[in-house]
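Trainee: The listed protein sequences correspond, in order, to chains X and V.
To convert, note that position 4 of the first sequence is 4 in the working numbering; the numbers rise steadily by one, no gaps.
Every position in the second sequence, counted from 1, becomes a number in the working numbering once 1000 is added.
Since the hints were derived computationally from the structure, they do not count as laboratory data.
One or more of the hints may lead you astray.
[What the hints assert, rightly or not] Some but not every residue of chain X turned toward chain V, in silico, with C-beta under 7 angstroms:
1. Leu5
2. Ile8
3. Gly292
[Claimed, not checked] Among the chain X residues that face chain V by a calculated CB cut under 7 angstroms, a handful are:
4. Leu55
5. Ile103
6. Thr110
7. Met121
8. Leu122
9. Thr125
10. Lys129
11. Val190
12. Val256
13. Ala302
14. Ser304
15. Val306
[Unchecked claim] Some chain X residues well away from chain V (every beta-carbon gap over 10 angstroms; in silico):
16. Lys4
17. Phe16
18. Ala26
19. Phe57
20. Ala107
21. Ala118
22. Glu277
23. Lys316
Quick reminder that beta carbons are idealized off the backbone N, C-alpha and C, glycines included.
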Amino acid sequence: MTKKLTWIFWIVLLVFLLAYPFLFGAYYTNVVVIFGIMSLFALTVNLLLGFTGLLSFGHAMFFGVGAYATALSLTHIEGLPLLVSILIGIAASAVFALILCPILVRASGTAFTMLTLAFGMLMYTLSLKLRDITGGEDGIGGFPTPDFSIPGVVSFDMTDPLNFYYFALVVLLVSMWALWFLTKTPFGTVIIAIRDNSMRVNYMGFRVTHTKALVLVVSSSFAGVAGAVYALFQNLVSSDGVFSILTSFAPLIMTVIGGVGSFFGPIWGAGIMMLLEEVVTLYTDRFSLVSGIVLILVVMFAPSGVVGMMRIVKAKWLLRRQKI
Amino acid sequence: MDSMTAVYIAQGLHGLAYGMLLFLVASGLTLIFGMMGILNLAHASFFMLSSYFCYQVVQMTGSFWMGLLIAPLATAVVGVLVERLMLRRLRAFGHVGELLVTVGLMLIILESVQYFWGTESLPLPPPEMLEGMVSIAGINYPIYRLFVIGMSLLVLIILFLILFKTRLGMIVRAAVNDADMVNALGINIPVIFSMVFAIGTWMAGVAGVAIAPIITVFPGLADQIGMDAFLVVITGGFGSLGGAFLVSLIFGFLNSYGIQFVSQLAPVLMFIFMAIVLIIKPMGLFGERE
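All chains, please: the whole structure from these sequences, using the hints.
Mentor: Structure, rendered in structure tokens:
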């Protein structure tokens, strides 16, 4: 029965998302695209923090490398197909993570956090200083957005917001599903075990550092997907937009507010933070202040986030019903 | 003396001044890390907050010296409140919560400063007796920067005397090694934690006041020195004061000579230095623990 209900829920959600642009108009369609991008980005942060126990303060570097790689490839290679440009973004993020692996995976706990912070700041500095490649503060903008086409079958114009919405929806949903699937595989079980007791996992014969490196590369690749879609969507990437430390903190705050360790928590968090931003910006432009306060309150008083709170409420409700 | 040597000496003094300020910030960071196992992301924000406090005091009293006295103390009070009300409650639940709280704090301080004092840069002139240039060995050098070097040295000497000559320092050093054991020996560790937090933020506050007349007071004030201080702590080895001192000075000189020779890539030099150290010694130069 519950399985049937879950299926119905997903089908209704999918139909809703497909019909969404016709119900709410262009502005809110774009909001949903950003929501999807941030959700995927927050999910990759949670794959490290919630599932492997690694807190990253520099996740924007993987997001940014993906975004810059996609933007650069579209600027410099003429007639590049859309999917290839996204694949280039993913590959760049994965390779970048592989390069950092030897330094990052040997560290754990606070040391890992600080190293990711340092490399995140390095990428930010580099993107500002290597003006010839990255365009400095101005970033890269105005690159062509190619059509999504299967030769001889179909071709969609991606500059049309409606077409892009459906394209982004498919890419992001497939990525989220892939991440979800990953956490259900034996590999997903091993990384949770590493979070809980890495020494024991080591004794059991699993190679902890190799596994951590693999998680890092997977997380980075999917952050690269989010970055690539972001680049295509904004048609502009700049150091402040994708590499700044606030870009690292945004998905982290979403993850914590949604619920660390629960797979769908970050999506809840992304939704809540974006709703909050819509409301707060009506009154003040100091949204960071609000998100800082919310972050501290959640960490101190509801460390399991919204999903954890819902579980507690549900458990209490069930308990009360049993008593009656 | 030819002009090139004069430039080298001036850049060297610049580097020394920056390195000293950097150590004032980084030493608090590394001490707090050594004791509590968290790297306080809001540390650089306290540095900036102190500059704004100093600006406010100078506005009200007209005296830079009052600012130098009051602003770091006020910053230390804020630091202790944060430690008591937030970090202490989270200590039992591991470091992730504490790290996240410092992130939130960083955002809050950055935004409140802009709310109260605006985003433009506020001038804070040095006191009259420290204005102007002095001639050393044929080169003209601003007196104020020499004062900064001297004051940082004074603070450092006081810190080293406290740490290595007093009973409190002995307890702090022991607690850096193993806080639980010191606690078990009957010493009130939470109070020691608060004191170290206060001393750390006070030193960051002194550095914040010292740098204000050089680069004026603005919200991005702490961006560079904050980043550099984190790199110092990582490169010098987590929790190592000697490592922090050595690396601060190296970074100071890398910074000043780097700007002269490879101006575009000067900020990257420190990262390169850090990466080389970490590849050879993953725990940092003098680090022993993770």
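Trainee: Run every hint past the structure and note whether it holds.
Mentor: Here is what the structure says about each hint:
For Leu5 (chain X), the interface hint is violated, the least distance from its beta-carbon to any beta-carbon of chain V being 34 angstroms, above 7 angstroms. With its C-beta approaching chain V no nearer than about 37 angstroms, Ile8 (chain X) sits outside the 7 angstroms limit, and its interface hint is violated. About 3 angstroms separates the beta-carbon of Gly292 (chain X) from the nearest beta-carbon of chain V, less than 7 angstroms, and the hint is met. Checking Leu55 (chain X) against chain V by beta carbon gives a least distance of about 5 angstroms; that is within 7 angstroms, so the hint holds.
At about 6 angstroms, the closest approach between the beta carbon of Ile103 (chain X) and any beta carbon in chain V falls short of 7 angstroms, and the interface hint on this residue holds. Because the closest C-beta pair between Thr110 (chain X) and chain V is about 6 angstroms apart, less than 7 angstroms, the hint holds. Taken as an interface hint, Met121 (chain X) checks out: its beta carbon lies about 5 angstroms from the nearest beta carbon of chain V, inside 7 angstroms. Here the hint on Leu122 (chain X) is kept, as its CB sits about 4 angstroms from the closest CB of chain V, short of 7 angstroms.
Because the smallest distance between the Cβ of Thr125 (chain X) and any Cβ of chain V comes to about 5 angstroms, under 7 angstroms, the interface hint for this residue holds. A least Cβ separation of about 6 angstroms between Lys129 (chain X) and chain V falls short of the 7 angstroms threshold, and the interface hint therefore holds. For Val190 (chain X), the interface hint is violated, since its Cβ never comes within 7 angstroms of a Cβ in chain V; the closest pair sits about 21 angstroms apart. A hinted interface residue such as Val256 (chain X) counts as satisfied when its beta carbon comes closer than 7 angstroms to some beta carbon of chain V; here the least separation is about 6 angstroms, so the hint holds.
Look at Ala302 (chain X): its Cβ only gets to about 11 angstroms from chain V, farther than 7 angstroms, so that hint breaks. Hint status for Ser304 (chain X) relative to chain V: violated, with the closest Cβ pair at about 11 angstroms, above 7 angstroms. A cut of 7 angstroms between beta carbons decides the hint on Val306 (chain X): the least distance to chain V is about 15 angstroms, and the hint is violated. With a least CB separation of 38 angstroms from chain V, Lys4 (chain X) remains clear of the 10 angstroms interface cut-off, as annotated.
Under the 10 angstroms C-beta cut-off, the non-interface status given to Phe16 (chain X) relative to chain V holds; the minimum distance is some 33 angstroms. At the 10 angstroms boundary, the C-beta of Ala26 (chain X) stays outside the reach of chain V, the nearest C-beta of that chain being 31 angstroms off. Taking the minimum C-beta to C-beta distance to chain V, about 8 angstroms, the non-interface status of Phe57 (chain X) is violated against the 10 angstroms cut. Its closest Cβ contact with chain V, about 7 angstroms, brings Ala107 (chain X) to no more than 10 angstroms, contrary to its assignment away from the interface.
Look at Ala118 (chain X): its CB is around 6 angstroms from the nearest CB on chain V, not clear of 10 angstroms, so calling it non-interface is violated. Distance check for Glu277 (chain X) against chain V: the nearest CB is about 14 angstroms away, which clears 10 angstroms, and the non-interface claim stands. Non-interface status of Lys316 (chain X) relative to chain V is upheld: no Cβ of that chain comes within 10 angstroms, the nearest being about 22 angstroms off.
Going through the hint list in order, the structure does not satisfy hints 1, 2, 11, 13, 14, 15, 19, 20 and 21.
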